[in-house]
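Q: Residue strings, one per chain:
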Amino acid sequence: MKKIIHIISTLTLIGVVIGAILSFVNNWATPLIELNKKKETEKAVYLVNPLGKKNEKVKANGEIFKVFDEADNLLGYSFVCEGNGFQGKIRIMVGVDKNLEKIISYEVLEQSETPGLGTKILDDPFKKQFNNLFAIPRIEWIKGKAPSKPNEVQTITGATISSVALVNIINSGLENMRKLKEKNLL
Amino acid sequence: MELFIIFFSAALINNFVLSYFLGICPFIGVSNKTSSALSMGMATTFVMVITSIVSWLLWNLILVPFHIEYLQIPSFILVIASLVQFVEMVIKKVSQPLYRALGIFLPLITTNCAILGLALLASMRNYSLIESLVFGFGAGVGFTLALFIMSGIREELELTDVPLPFRGAPITLITAGLLALAFMGFAGMI
Amino acid sequence: MNKKSYSYEFVKGIWEINPIFKQILGMCPTLAVTVSVINGIAMALATTFVLVFSSFLISLIRKLIPNQVRIAAYIIIIASFVTITDLVMKAKFPEMSKSLGPFIPLIVVNCIILGRAEAFASKNNILKSLLDALGNGLGFLIGLILISSIRELLGSSSILGFKVLPNSFDPLIVMILPAGAFITFGLLMGFFNSLSLRKKESEKEKLIKKYSDKLIKSSNELVEN
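Chains as they are written, first to last, in the numbering used here: chain A, 1 to 186; chain B, 1 to 190; chain C, 1 to 225.
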């Protein structure tokens, strides 16, 4: 009996001390972590809308930001959208102009594509195709040939699935944005 | 359809052993005989399915509502350890043959990082209860599959003339590498 | 070298009982994070941090913990230090914590830590346990750097992010895929095994030579007498 009390009291003591230390560290870390997240999103908002100086979060569902220039003129929108890639979720921030007609740029926030192949969606030759890309009625993709239409991009050799997934994610995100605009929610 | 994708992704494409490197210790340790590999795989699948349910309940009903997410790691590992102990006791009472088949593998599962990895991944991806159940089952099936194939290859390897320094773990690792390459072929399925 | 000395407790972790190549512990992080050197270093430092602090604490309170529940107590202590590491990394090094992903929490089940706690820290004094933890951490770091430099060099033709190989070298993408991890690790382990086998072999020969010399000498003496 004495032994059981000894066991229980030791374990409880360890649990209490450890719990106290953890909650202390957590209280210190949580605001910093949130700050990091905010900074990261903020950075991405301006990366995909490089002329922007100010932003404002739209009150609709999801992470959508209005981007303004210095004189508070609306330049466009930055919005987060996600979908399934080759191996897992791809989460991106997309910048569009204010009429939702042209893609300005995109920035990958999260991905788990094959290193060296699918991860080329992070790099320039593929990414540059989206700079000022027409997105009416939607973005089209083409395999193995140089794009001929203003709304076309060429897929990455060896990573067709990742590139098509990215195009689809942007298209569905854009569609969602247009719906919101029709309802005057933007 | 979504559930189907989760299952195949966990079992084949993102196989826990061959692409997430979770549960390598039992993969190297218990893969020299097909019979014990199957038992180990079954025991792990069993614990994985239960863990996915219990950890979902713990995460969504206790940790998140009370804002103590930072206790996730200690609480998950404790729950898994006691769960394994509990499962062992239940199996011992309910079915002696099953206990004889799985018994010695159960304590090993506590230190199998695949179980904790499963619980953490499921909570990170915000799966619903059904989804995390399917995820757990898929991961278990994938683990069993990898272990079973590996043990089949190793039984053949016993008969071959492997250079002395490569016997045991090194040749197993290299074989696992080739197996991982083969499993990459599944990636085009989705 | 005196087996009981303090310096031995530190040095042994580097080669003699190297956690990766000799004890074959902690393989999950070894294989998963060694895509690039910087990840390998970060993982090894995080693991060493947890290893040192949990060894210290366990050694400090080793006489208070009842024997029956010692494993449970160790696991709680280790899990808490891992949580602290995770929180600190998220707060101070967000980029790093993103690329190491779910592998920081998995330090809990890294057998190196529980293994050292059970095999060493629970039986030895604080200073020895600290030295043992540091040595093992260093051995882990060396192993991770070795594997990750091979993989980064061949897989992305760079080291620590700097391009080293010329553009004419086509990166072997397989090296940064899971398959490359297994194969690199397997080949390295085989290489080290063959080294220690050769050493053992030459020691055996030396021993045989020594005794055969003695035998000849003594038989010569016998003949002379």
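Derived from the structure by calculation, the hints contain no laboratory data. All of these numbers come straight from a predicted model, not from anything done at the bench. We put the CB at the ideal spot given by N, CA and C, even for glycine. Treat the hints with care, as some may be off.
[Unchecked claim] Footprint (simulated), chain A over chain C, 3 or more residues, beta carbon under 8 Å: (1) 64–75; (2) 89–100.
[Stated by the list, open to error] Far from chain C, by Cβ distances over 12 Å, these chain B residues were calculated: (3) F8; (4) L18; (5) F21; (6) F27; (7) H67.
Q: With reference to the structure, classify each hint as holding or not holding.
A: So, going through the hints one by one against the coordinates:
no. : hint   : in the structure
1   : 64–75  : holds (count 7)
2   : 89–100 : holds (count 4)
3   : F8     : holds, 18 Å
4   : L18    : violated, 6 Å
5   : F21    : violated, 4 Å
6   : F27    : violated, 9 Å
7   : H67    : holds, 14 Å
Hint compliance for this structure: hints 4, 5, 6 are broken, all remaining hints hold.
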